[in-house]
Amino acid sequence: MNSEGPNYLKTKVPDQSEDFFNCGLHCEPHEELVFKDQWGGISIMHASNLSVRTLMSNQTFLRLNPTRFQLSPDQRYLLLVQNFQKLFRHSFLAQYTIYDIQTGNDFPLRPMPETEEHPYLLLAEWAPRGHGLVMVQDYDIYYRKSPTSHTGYRITNTAVPGVVSHGVPDWLYEEEILGSNSALWMSSDGLLLIFASFNDSLVEELRFPWYGSANEGRLYPDIRSLRYPKPGTRNPKVTLTIADLADTSNIKIKTVIPPVALANTVGSDFCLRCSAIWTFYALSADLDGFIF
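If you're matching positions, the sequence shown starts at 1 in the UniProt record's numbering and goes up one per residue.
It should be emphasised that the hints constitute simulated quantities derived from the structure, not laboratory data. It is possible that part of the hints are untrue.
With a straight-line Cα cutoff of 20 angstroms, these simulated DMTMM-like cross-link-like pairs (lysine to aspartate or glutamate) come out [to be verified]:
id : residue 1 : residue 2
1  : Lys86     : Glu175
2  : Lys237    : Glu176
3  : Lys86     : Glu216
4  : Lys145    : Asp189
5  : Lys237    : Asp138
6  : Lys230    : Glu204
7  : Lys145    : Glu114
8  : Lys237    : Asp189
Note that the coordinates shown come from a computational prediction; the quantities given were computed from them, not determined experimentally.
Input sequences plus hints: build the corresponding full structure.
Here's what the structure looks like:
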């Protein structure tokens with residue numbers, strides 16, 4: 001027996017594991033792989049025939065210097081993450097830039113296109129179809145049909161940083177429940193959005209010293225606070241909401257009511273771990289077909 005195990009077809013692949021982990025090795029539907037190529041640009045490989053197509057040149061990549069990237073489902077645009085600022089285990093702030101693959105142009109992503117700033121966002125994701133975008137800025141949710149559309153739509157407007165958040169979890173749910181920086185999900189056609197909202201107003205605050213990063217060399221810390229529930233104290237209040245984006249001139253909003261049996265069993269102060277299941281065969285015009 002061969003001590004090296006079964007024989008496999010071997011090929012030499014450049015060691016770019018660090019680039020993959022730092023900058024994104026992203027699997028697309030239909031057996032496609034988007035990756036930072038050996039020349040320092042962004043390419044897509046089609047697994048069916050192993051063909052490779054360049055999406056962004058290495059010169060453009062070097063100029064924009066993204067830390068992460070994601071291709072739109074229609075393969076028209078790249079969503080680039082820049083100036084990454086870590087918050088907690090999964091969450092971060094970042095600026096986002098859109099790169100138009102067809103024209104080679106790039107421009108800042110803004111939740112509301114009429115603004116001129118290049119804002120830091122808590123979240124930006126492509127819709128499952130086309131090139132719509134859902135974003136979270138200052139803990140409120142925004143939607144745009146296209147990166148080049150002249151109109152943005154604000155889905156929520158009640159966020160209070162550190163207290164009330166929409167579409168992104170508070171510290172407890174990020175760390176212990178969802179394990180993610182996202183608390184929103186879209187239907188496969190991109191027309192329905194379900195998002196979680198977290199109200200920590202009744203959660204006690206934990207205060208702790210903060211010395212900053214190691215290179216700051218502070219002698220005295222700042223005092224920061226975090227909504228941090230402990231045993232026997234109040235947990236965050238969590239609600240699920242559905243937004244119908246089919247008609248953006250009249251976005252319909254509906255709160256998902258937990259099953260009575262669940263509410264009666266664990267009371268109103270419960271933790272939510274949910275997997276969103278979109279049941280289109282039962283989905284009616286008033287959004288009663290959603291189950292979780």
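Status of each hint after checking the structure:
no. : hint            : result
1   : Lys86 x Glu175  : 14 angstroms, holds
2   : Lys237 x Glu176 : 15 angstroms, holds
3   : Lys86 x Glu216  : 16 angstroms, holds
4   : Lys145 x Asp189 : 13 angstroms, holds
5   : Lys237 x Asp138 : 19 angstroms, holds
6   : Lys230 x Glu204 : 8 angstroms, holds
7   : Lys145 x Glu114 : 15 angstroms, holds
8   : Lys237 x Asp189 : 30 angstroms, violated
Hint compliance for this structure: hint 8 is the single one not met.
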